[in-house]
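> When you get a sec, could you build the whole thing from the sequences and use the hints?
Per the working numbering, the very first residue in the sequence shown carries number 1; after that it's consecutive.
Calculated from the structure, these hints are not laboratory results. Keep in mind that a hint or two might mislead.
In silico BS3-like pairs for lysine-lysine, Cα to Cα no more than 30 Å straight-line [claimed, not checked]:
1. LYS95 - LYS32
2. LYS91 - LYS49
3. LYS32 - LYS5
4. LYS5 - LYS93
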Amino acid sequence: MTDVKVSVTFRHTQPTDALKRYAEDKVHKIGKYFYRPLEAHVVLSVDSKERQSAEVTLQTQRHTLHGREETADLYSAIDLVTHKIEQQIRKYKTKLRRRRIKE
1 MTDVKVSVTF RHTQPTDALK RYAEDKVHKI GKYFYRPLEA HVVLSVDSKE RQSAEVTLQT
61 QRHTLHGREE TADLYSAIDL VTHKIEQQIR KYKTKLRRRR IKE
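Here it is in structure tokens:
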């Protein structure tokens, strides 16, 4: 498992340790797809009670992956955005495998 350096930023809300830890744990799980250390930036923002968003930017060695989700709950927004990033990673890795097979 790769070491992921995660920075969490809160916008328009008070930072809580539980929310920060939850976001860091979810993003650390994404590290299993890579061999080299990664950097991730998570932005958690509250626009209103109904609009809370999580945004993840993941820096890999060659690419930058970005995902954003809005829900009524920050925890579910974190779940959805990490799932979206995982889908992007799977798509990218599948594309790489197909290229290797053709060659």
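> Each hint needs a verdict: does it hold in this structure or not?
A quick look at each hint next to the structure:
1. Distance hint between LYS95 and LYS32 is fulfilled; the C-alpha atoms sit about 18 Å from each other, no more than 30 Å.
2. Distance restraint check for LYS91 and LYS49: the Cα-Cα separation of roughly 33 Å exceeds the 30 Å cut-off, and the hinted pair is therefore not satisfied.
3. Between the alpha carbons of LYS32 and LYS5 the distance comes to roughly 13 Å, so the proposed pair stays at or under 30 Å and holds.
4. At roughly 21 Å between alpha-carbon atoms, LYS5 and LYS93 fall within 30 Å of each other, so this suggested pair holds.
Hint 2 from the earlier list is the only one contradicted by this structure; the remaining hints agree with it.
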